[in-house]
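Peer 1: Given next are the chains, with one letter for each unit.
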Amino acid sequence: MSESDAPIRVVLAKLGLDGHDRGLKIVARILRDAGMEVIYLGLRQTTDSIVAAAEQEDADAVGLSMHNAGHMTLAPAMVGALRAAKLTCPVIVGGIVPDDDVEALLDAGVAAVLGPGASASEVAQVVRDAVAAAEASDDATVGGSKVET
Amino acid sequence: MPVLEDQATTTGDDMTQHHDEQARQAYRRAYQAAEKAGRLRDVPFETMSGVPVESVYGEPPYPGQYPYTRGVYPTMYRSRLWTMRMFAGFGTAEDTNTRFKEILRNGGTGLSTAFDMPTLMGRDSDSQWALGEVGRAGVAVDTLADMEDLFADIDLSGVSTSMTINGPAAIVLAMYIAVAEKGGVARADLAGTIQNDIFKEYQAQKEYIYPPRPSVRIVTDMIRYTSAEMPRWHPISISGYHIREAGSTAAQELAFTLANGFAYVEAAIAAGIDVDEFAGRLSFFFNSHSDFFEEIGKFRAARRIWARWMKERYGAADERSMLCRFHTQTAGVSLTAQQPENNIARVAIQALAGALGGTQSLHTDSYDEALALPTEKAARIALRTQQIVAHETGVANVADPLGGAPFVEWMTDEMERQAEAVFAHLDELGNGSILEGVYAGIENGYFVGEIADAAYRFEREVNEGRRMIVGVNAFTDGNEEGGADILRIGNEVEDLQRKRLAGVKHQRDSEVVARALAAVTEAASSSDTNLMPPILDAVKTYATLEEVVMAMEKVFGTYVEKAII
Amino acid sequence: MARVHKPVDEHYSEAAAGSRLALGRLLTLVERGGPEADQLSELAHQDTGRAHVVGITGAPGAGKSTLTGQLVHRYVDAGRRPAVLAVDPSSPLTGGAILGDRIRMYDVSEVETGQGAPAPDDMSADRRPFIRSMATRGHSGGLALAVPLAVRLFDAVGYDPVIIETVGVGQVEVDVVGAADTAVVVATPGMGDAVQANKAGLLEVADIFVVNKADRPGANDVRRDLELMLDLSHMTGLDTMERGDADYRPPIVMSSALDGTGAENVIAAIDDHLVYLGQSDRLRRRREHRVRTEVRARLKQALDRRVDDLLATDEGRAMVAKAEQADLSPTEVATALLDILFE
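Residue numbers (the working numbering), protein chains in the order written: chain U, 122 to 270; chain L, 115 to 679; chain R, 5 to 347.
Excised from the complex, chain U in its bound form:
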C-alpha cells in the first residue's frame, strides 16, 4: 500500500477546563468527511494525556481547540510536551485567537492557527499542509534518506 493511501490520523482535544466543544466537534466531522481518522479525546485533557494518546495512536497531527484566554500558556506547553516525548507531529490551534497572538504562537512552534470562520476545505487543507510540512522536515533531519513504503 502506498504512503498516500493511508488516512491522516489526527488527535483532537480541548486542553484545560474550557468546555466549549461545538467547534471541536464540527472540526472532527470535517476531518472525517475529508477522509481522515480522528482520535477524539474531547474535553478536559492535559498535555500528558494528549502526549499519551498521540504516542499510542501514532498521530500525524494534534488539533487543539481554544475558546478561552489560555492559549498563550497552553499551546506552547503542548508543543513542548510533545517534543519532550520525541513526537514530531504538528500542533494546530483553532478557536478565538487574537491576530496579535498568532505570530507568537507560530514562533512557539505551533504549526498553524485556524480562526473562527475558516471553511471546511480550509480546515482540511491546513491539516494536510501541516502534516506534509512536518514530514518534509523529518526527512530533512535524516539527510533525505527516506524509507520508501
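Think of the hints as simulated: they come from the structure by calculation, not from any bench.
Beta carbons: idealized from backbone N, C-alpha and C, even for Gly.
Honestly, I wouldn't trust all of these hints.
Said to hold, decoys possible - Pair ranges (Cβ atoms, derived):
#  : chain 1 : residue 1 : chain 2 : residue 2 : range
1  : L       : T672      : R       : P96       : 34 to 40 Å
2  : L       : T672      : R       : Q175      : 35 to 41 Å
3  : R       : P96       : U       : G201      : 35 to 41 Å
4  : L       : E594      : U       : L227      : 16 to 22 Å
5  : R       : R220      : L       : K150      : 58 to 64 Å
6  : U       : G201      : R       : P39       : 34 to 40 Å
7  : L       : D642      : R       : R220      : 21 to 27 Å
8  : R       : P39       : L       : G604      : 53 to 59 Å
9  : R       : E268      : L       : Q621      : 54 to 60 Å
10 : R       : R310      : U       : D228      : 34 to 40 Å
11 : U       : G201      : L       : R213      : 32 to 38 Å
Said to hold, decoys possible - Just a few of them, taken from the derived set where beta-carbon distance is under 8 Å, the chain U residues facing chain L:
#  : residue
12 : L138
13 : D142
14 : K146
15 : I147
16 : Y161
17 : G163
18 : N189
19 : L195
20 : P197
21 : G201
22 : G236
23 : P237
24 : S240
What the hints assert, rightly or not - Derived contacts from chain R toward chain U, CB cut-off under 10 Å, selection only:
#  : residue
25 : G28
26 : L31
27 : L97
28 : L103
29 : I107
30 : R132
31 : F134
32 : R136
33 : S137
34 : A139
Given the coordinates of chain U, assemble chains L and R onto it according to the supplied hints.
Peer 2: Leaving out everything else, chains L and R in the frame of chain U:
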C-alpha cells in the same frame, strides 16, 4: 389612556364573545389597579409623533392571563422596563468589588457575578488545571476570604445578586450566606439567583463535576434549603442559552430547556416538596438569535407551554408557579470576528426580538466578544443598544405588540408543536417520567447528538454558501481592515491569587477544616441528609472550593462524557 | 510514512524494550499492511503465545468502552499490563473515521500520579495500559489481517491481557472476536440485543455473555432471552466444534458498568474461562483455530490481489469484455479466469 374600549368586537358565537368580554374586563381591571397604585412609569404612552397608544391590542387571552402567551404581567414594560443586566467580572475579587460599588453608586441594585473557569469547575487557583485561566473570564473564588473581598462594604440585604455557576453552586451559595451572616444579614433576607442548572451542563456547556443523579440530589437539597430558609432566593435559572450556543435550533433550545425545567420539578416533587412551594421561584434564561420571528415565536411558546404543563401535568395551583419568567442574552455565537463592528447591528436586532418576546431582563453582547473579553467601550455600546430599544423605539409602550399577526401566531404554534414532539420522546424514554427521560437522554447521547447534528448542518450550509453570513461568506470587503482593540489580562492576577490562597491555607486550623470536610463526605453518603448545612459549616472553616468538591467526589464520583460527535 | 526512517527490526527491538513510541509506529505499519507488516509478522511470531487474548463485542451503546475501561483499571491494579485494540468503523463514503472510545477507558493522569508510572530508566516496570484505536478502513479485508498481527505484536512486546473491542456488526469483526481466547458479548436491556446477537452470529462465538446496565428494568428479560437462545443453539450444535468446545455453555454475567459493580464478576468469568481452556487441550485448539482464521484471511487477501491484478491485464480485460457483450455468461468467464489464475 383607555384600554381595550374602542376595539371592534370579535366574531364568533355568543359564548365566545361572552368569554372574550370577561377577559377584556379582567385585563382592564388589572391594568387600572396598577395605574391607581402608581405602578406605571411616568412617561407618555404615545408615538414619537404624539399619537396615543393602548397598552395592548387584539384578542384575549391578554398579557397576565393564562396561558400567558402574550406576557406574564398585564402592564408589561409600562410598569417596569426589562432589567438591563450586564454580566461582568474579571480579575481578583477586589477588582470586581470596585465595579460592584460603582454599579450601586449609579443606582443599580442588581449585582451579576461571573466566575473564572477554575471556579466554575470546582478547582482552586493553585490546581494544575487552573494554569493560565485564573481570573481570566471571571473572578476567582477559592475560599470564603475571596467571597468576603468580593462583597466587602456592600449591604447584602439591599441588593439582588445573580451568580452564574452550576457544578459547585451549593458551595458558592454557602459562601455567600456565610459572608452575609458575618455582616449581620440573615440568610432569609438575601435576594438573588444562582444558575445551578446542571442538566444543561451535560447537554451543552459541559461544566459538570459529578454524574447526573448525585448532581440532581444537590440541586434538590438546595431547592429544599432555600424554600425553607431563603424565601427571596431563586435556586435555579433553567438555561437554554448554552444549549443554543452549542449549536441547537431554536425549537431544540425551547424544548430541552423546558424539559429540564419539568425534570427539576419532578425531582423536587419526588423529594417531597410541594410544587407551589418552589415553582414560583424557578426562572429561565434564553438566547436571542438573529432569526427575528423564530425567536419571538420561541419566547411566546415558552410561556404558553410552561403554564400548561405546570397547571395540567404538575397540578400547580398558584399562578406564580405557572409563569415562565426569563432572562435573555443575545447570541454570542452569532458574533463574527470578521468586520466586528457589524455585530452591533446583530445585537440590536436580537435585543429587539427579546423585547418583543416579553423578556424580564436582557444582556446585550459586546461587538468584540468573538475576539476576546469585551473592552469597556464595547460593553458600553452594548448597554446603549438596549437603551435605544427601550427608550427610542416605542416597543415598551404596548405589550406583545406582534400578538395576533398570522405569521407570529403560526410561528408560536410551530415552536410549541416541535417542542411537544421532544417532550413526547423524552416521556417515552423515561417511561412516563420526563426526569428519567432526561437522565436517559443524557446517558445515551440524545441531547448532545441532536445538538451536534444541528450545529454541523448549520456549518455546512454556511460553508456551501446556502446560508449567508455577512462578512463571513458574503460581503467580505473590509475584512482586511485592522482588528478592534481588545482587552488583555496578564498573568499577575494568577500569581496574586495563588499567593492569597497560600496565605489563607496557612492561617486556618487544618484540623477543624478536615473535620468539617469529613462531615460533608458523610452527608453525601446519606441521601436523607441535606448537604447545605455541612457545606456551610465547611466553608466557614475556610475550606477551599476544591476541597469541598473533593469531599463529595469521594462519594459521588466524576463524570466523563461519551464521545458523541 | 516519512517519519518511519528506521528499519522495522530496530523499531521492534525498541518496542520490545518498552518504547511506546516505537510500538505506536509499528502499529501504523501493521494497519497499512505491505512488506514491512510482513517482516514484522515474522519478527513478532517468535515471541507470542503468552498473552490472554480477550475479545469484547456488542451493539453500539451497550457500554463496551466503559466496561473495557473498568477491566483495564482492574488489570493494572492487579499488576498486569493490558493492551486494548479499539476497532471502530470507517465511513464508507469518505474513508474517514471518528474514533472516540479511548476517552472512557483510561485517564492517563491516574497512572502518571499513581504507582503505574515507570522510573525514567526502567521501561520494563511500565505498567501503563496501551490503547490503540483502529478504523476498519473499508471492506478490503485489511482488518482481518491487521487485528491478528496487532494482537501478536502486543503479545510479543509484553502486554497481557490483550483486549480487542469491536462493534459486532460485520462478519470480519465477528471472526476477529471469535478468534480470541475468550470472546465476551455485551448485551443491554431495551435494545433487542439478544435477537441482534443471534442475527449477527455472535451467539456462536460467545464464551461469556455480559448483560450490562443490569440495574435497568428489562435486564432479566435479556438474560432469559439469552438462556433460551443458548438452549436452542445447544441443541443444534452449530460450529462450536471447530473452536474446540462443543459441550461448553457460556455463563451470563449481570453487570452495571456505570458504577463498576459486576466488573469483578466479568474478570472472574474471563479468568475462569482461561482455566477452562487450560484443561485438556482446549486452549491449544482455540489458538490453532485462531491461526487457521488468520491464514485463511491472508490467503483470501493474497487471492484478492491476484484477482485484481489479473483483471487489470489485457487478457483479463478481454475476458471480462466477453461477458459484458454477452458473448459468454459471467460464470463461464469466471471459470476461464480461474484456470488462468492457477495455471
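Peer 1: Any hints from earlier that this structure breaks? Give me their numbers in increasing order, please.
Peer 2: As far as the earlier hints go, 9, 10, 20, 21 are violated by this structure, in ascending order.
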